[in-house]
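Given only the sequences and the hints, what does the whole structure look like? Please build it.
Protein chains: 2
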Amino acid sequence: MPMPAIDGDRLLRDLHDLREIGQYKTGVHRPTFSRQDVEARHWLAYRLAEAGLDAAIDGIGNVYGRDRAPGRKLLTGSHLETQNHAGWLDGALGVIYGLETARVLGHGIDVAAWCDEEGHFGSFLGSRSFCGLLGEAEIDACANRETGVPLRDALDRSGFADRPRRKIETARYRGYLEAHIEQGAELEERHLRLGIVTAIVGSRRFRIAFTGEQNHAGTTRMAARKDAGVALVRLVAAIEDRFPALAGPRTVWTTGDIRLHPGAPSVVPGRAELIFQFRDTDPAVLDALEAALDELVADAARGPCGVAVVQRSSTAPSAMAPGPQRALRDAAQRLAPGQHQAMPSGAGHDAQILAQVLPSAMLFVPSIGGISHHYAENTRDEDIVLGCQVFTEAAASLLSGR
Amino acid sequence: MPMPAIDGDRLLRDLHDLREIGQYKTGVHRPTFSRQDVEARHWLAYRLAEAGLDAAIDGIGNVYGRDRAPGRKLLTGSHLETQNHAGWLDGALGVIYGLETARVLGHGIDVAAWCDEEGHFGSFLGSRSFCGLLGEAEIDACANRETGVPLRDALDRSGFADRPRRKIETARYRGYLEAHIEQGAELEERHLRLGIVTAIVGSRRFRIAFTGEQNHAGTTRMAARKDAGVALVRLVAAIEDRFPALAGPRTVWTTGDIRLHPGAPSVVPGRAELIFQFRDTDPAVLDALEAALDELVADAARGPCGVAVVQRSSTAPSAMAPGPQRALRDAAQRLAPGQHQAMPSGAGHDAQILAQVLPSAMLFVPSIGGISHHYAENTRDEDIVLGCQVFTEAAASLLSGR
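First to last, the protein sequences are chains P and R.
For reference, each letter of the first sequence is one residue, going 1 to 402 in the working numbering.
For reference, each letter of the second sequence is one residue, going 1 to 402 in the working numbering.
None of these hints come from the bench; they were simulated from the model.
Keep in mind that a hint or two might mislead.
As the list claims (entries may be wrong) - Keeping only pairs whose Cα atoms sit at most 20 Å apart, straight-line, the calculated DMTMM-like set for lysine to aspartate or glutamate is:
{"#": "1", "chain 1": "R", "residue 1": "Lys-226", "chain 2": "P", "residue 2": "Glu-138"}
{"#": "2", "chain 1": "R", "residue 1": "Lys-226", "chain 2": "R", "residue 2": "Asp-299"}
{"#": "3", "chain 1": "R", "residue 1": "Lys-167", "chain 2": "R", "residue 2": "Asp-58"}
{"#": "4", "chain 1": "P", "residue 1": "Lys-226", "chain 2": "R", "residue 2": "Glu-189"}
{"#": "5", "chain 1": "P", "residue 1": "Lys-73", "chain 2": "P", "residue 2": "Glu-169"}
{"#": "6", "chain 1": "P", "residue 1": "Lys-226", "chain 2": "P", "residue 2": "Glu-273"}
{"#": "7", "chain 1": "P", "residue 1": "Lys-167", "chain 2": "P", "residue 2": "Asp-140"}
{"#": "8", "chain 1": "R", "residue 1": "Lys-226", "chain 2": "P", "residue 2": "Glu-240"}
{"#": "9", "chain 1": "P", "residue 1": "Lys-226", "chain 2": "R", "residue 2": "Glu-240"}
{"#": "10", "chain 1": "P", "residue 1": "Lys-73", "chain 2": "P", "residue 2": "Asp-54"}
{"#": "11", "chain 1": "R", "residue 1": "Lys-25", "chain 2": "R", "residue 2": "Asp-299"}
{"#": "12", "chain 1": "P", "residue 1": "Lys-226", "chain 2": "R", "residue 2": "Asp-241"}
{"#": "13", "chain 1": "P", "residue 1": "Lys-25", "chain 2": "P", "residue 2": "Asp-241"}
{"#": "14", "chain 1": "R", "residue 1": "Lys-226", "chain 2": "P", "residue 2": "Glu-189"}
{"#": "15", "chain 1": "R", "residue 1": "Lys-226", "chain 2": "P", "residue 2": "Asp-241"}
{"#": "16", "chain 1": "P", "residue 1": "Lys-226", "chain 2": "R", "residue 2": "Glu-188"}
{"#": "17", "chain 1": "R", "residue 1": "Lys-73", "chain 2": "R", "residue 2": "Glu-169"}
{"#": "18", "chain 1": "R", "residue 1": "Lys-25", "chain 2": "R", "residue 2": "Glu-39"}
Rendered as structure tokens:
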């Protein structure tokens, strides 16, 4: 059976049209429920309807295009909103791949844009809502991380508040496929054009607070100090010394923020806080790192300052399903032999939520220079087009039940 | 000759009256040129006039009370403004000691309240203005460190802008005496009631910036990272390891602030900055520490991130003069035998400016719990009264030329 060919020009035109909604330099600024974001959702719903799908936006802001024909479907999707002043393909690529695949195959494809994957208001709100993993109480509690505007108010202003939230009918679907930019430089460095995701890493995040004694930096002798900042620095240095021996080849750990209080030149810090996270696909590695962190925190507590892990949160590693992975790999091997690899995803994606209820897999295309969450993010046109053809062929293969 | 006795009740009443101007909890919020600060300056000028002095406020906000009689004088003083939400005695104590001494001795005492010792707009502006160490261009450039209001505007609103700035006539004075709370816990811990300052420490301050590469914390492998935050932490840890061997018994060093950019949980910091300072009375120790810091910065520059000392500033150590020190020590020994000690000042004071033009010395009274720059700052009433009697007797002794 000859495989249907995607329309590369149409695909790129759609992506460029979408880029204009909230364009910022060469990228896009389209945070969740901004005017531009709401416009993008309506734009997508219109495009989905144009493609013959039953299009709607639901009560959490998810955009759906449902195939009207009978039979089991393949669900495709990604997200439309962006990080602040970020890239044009992060999210948009996967959504438009779904749209193009629906157009090319003519039937069997549902397309979704999951709301707020980028976490402006919460954590994977759209895909969790769809999978039945988001309660009303959590929605009540969510607010914009920068402005503090409650999610309920943002939904109301956007015109989505009174709509029902669509929930998954699992029997409808054979599985879920999501395409995304890699957001790293591995494919590019290895001169590869496609990545087939084996698993999405789990991450654990910690807020750690030190309590010392705020004092005058001129009159308080070193021996008398309880310097919360120094205690914090010693913990971070100890983590950097200890973690490499426990890490797997792709484990990553990051101290993303440090704050000293009051943060004045001549004051010994009385309080200090850091945010620390690590990620891996192997729960055993995550457990070993967390145990080591707890030991180092206990060591720190034997110093002059108090120390406490004041917040822990985690997401579990999520393995992608063998069948959809195989369909992606076979299509990649047909279209770009030897130019693809299996790889984990170091970033979180809606597929880790969908994987809890459907056989799911992801396809990566290369990020030029590994840049993401920045307006300079980009992917070569020929990689965008190749990725979509692979995506469509894998979708066709999965729908045919092979 | 019997020594004149101060009026302890009057002294404490003055201090409590002054405390009410800008009272905050048990302390005072009276930043330079706030409404409360201007009120305090007028209150003091009134009290100085009442004591028979020629009182005025000058073009930089300094309050002076000049003895009208002929003959050489002793200059006394400290400051009226406070740090934000800080203590009632920091500055006020030394000013009111001067006032009480002028009243008790009847002649020979000038009293000054040096403007902005606390640095809301600049560095020792009032005492430097008086000593001829502050130019008009610097005044033009000064602005409130929090609000950004230019110093010129603040002087204008306060009604001081069009007045001349008073300059010192050095021949008028035998010397300068300043009393202050210790702001540390050493006197209290040693059960002493008085400190005679031998020298005011010099300090050196550095802003050090690290430049790495901002990246996604999930997709950027450890080996590929240029993490500015980790580079910063490693420098601070290296300082903490290296400095103790180079330090004198009273050397202090402090990392007062750390900032990571962008400071997000899932972003590898691309930039990081710290503010670091150290203090000692010995220029050789300061030089050795600065050389060690420069070496550690050079080591850091061999790592994956760029590092630069983007700002250096320093004040020189300032030795107090032997004559006034002796006068204070003799009076302390008469009134509180064995309950006083010689000690350096770890904090900066106007006396370090006056010491450049006059033989100068300082007297410390204990701070309860070593607390300062906090509304809980306090000193026992009997220590306040004892300190003033010592101060007055030392002043009388210096005036008599003994």
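Right, here's what the structure says about each hint:
With a CA separation close to 37 Å, the supplied pair Lys-226 (chain R) and Glu-138 (chain P) exceeds the 20 Å bound. With a CA separation close to 16 Å, the supplied pair Lys-226 (chain R) and Asp-299 (chain R) stays within the 20 Å bound. Between Lys-167 (chain R) and Asp-58 (chain R) the alpha-carbon distance is near 10 Å, which keeps this suggested pair within the 20 Å criterion. Taking the CA atoms of Lys-226 (chain P) and Glu-189 (chain R), the gap is near 17 Å; set against the 20 Å cutoff, the hint holds.
With a C-alpha separation of about 11 Å, the suggested pair Lys-73 (chain P) and Glu-169 (chain P) falls inside the 20 Å cut-off, and the hint holds. Restraint check for Lys-226 (chain P) and Glu-273 (chain P): satisfied, since their Cα atoms lie roughly 15 Å apart, inside the 20 Å limit. Among the hinted pairs, Lys-167 (chain P) with Asp-140 (chain P) is consistent with the structure: their alpha-carbon atoms are about 19 Å apart, no more than 20 Å. Only pairs whose Cα atoms come within 20 Å are accepted, and Lys-226 (chain R) paired with Glu-240 (chain P) is accepted, the gap being roughly 14 Å.
In summary, the hint linking Lys-226 (chain P) to Glu-240 (chain R) is supported, as the alpha carbons are separated by about 14 Å, within the 20 Å threshold. Only pairs whose Cα atoms come within 20 Å are accepted, and Lys-73 (chain P) paired with Asp-54 (chain P) is accepted, the gap being roughly 14 Å. Distance restraint check for Lys-25 (chain R) and Asp-299 (chain R): the Cα-Cα separation of roughly 48 Å exceeds the 20 Å cut-off, and the hinted pair is therefore not satisfied. Restraint check: the Cα-Cα separation between Lys-226 (chain P) and Asp-241 (chain R) comes to about 16 Å, which is no more than 20 Å; the hinted pair holds.
Of the supplied pair hints, the one linking Lys-25 (chain P) and Asp-241 (chain P) is violated, its CA atoms being roughly 40 Å apart against a limit of 20 Å. For a cut-off of 20 Å, the pair hint linking Lys-226 (chain R) to Glu-189 (chain P) stands: about 17 Å separates their Cα positions. Of the pairs offered as hints, the one joining Lys-226 (chain R) and Asp-241 (chain P) holds, with about 16 Å between alpha carbons and a cut-off of 20 Å not exceeded. A C-alpha spacing of about 18 Å is found between Lys-226 (chain P) and Glu-188 (chain R), which places the hinted pair at or below 20 Å, so the restraint holds.
Taken as a hint, the Lys-73 (chain R) and Glu-169 (chain R) pair is honoured in the structure, with Cα atoms around 11 Å apart against an allowance of 20 Å. For the proposed pair Lys-25 (chain R) and Glu-39 (chain R), the alpha carbon gap of about 19 Å is at most 20 Å, so the pair holds.
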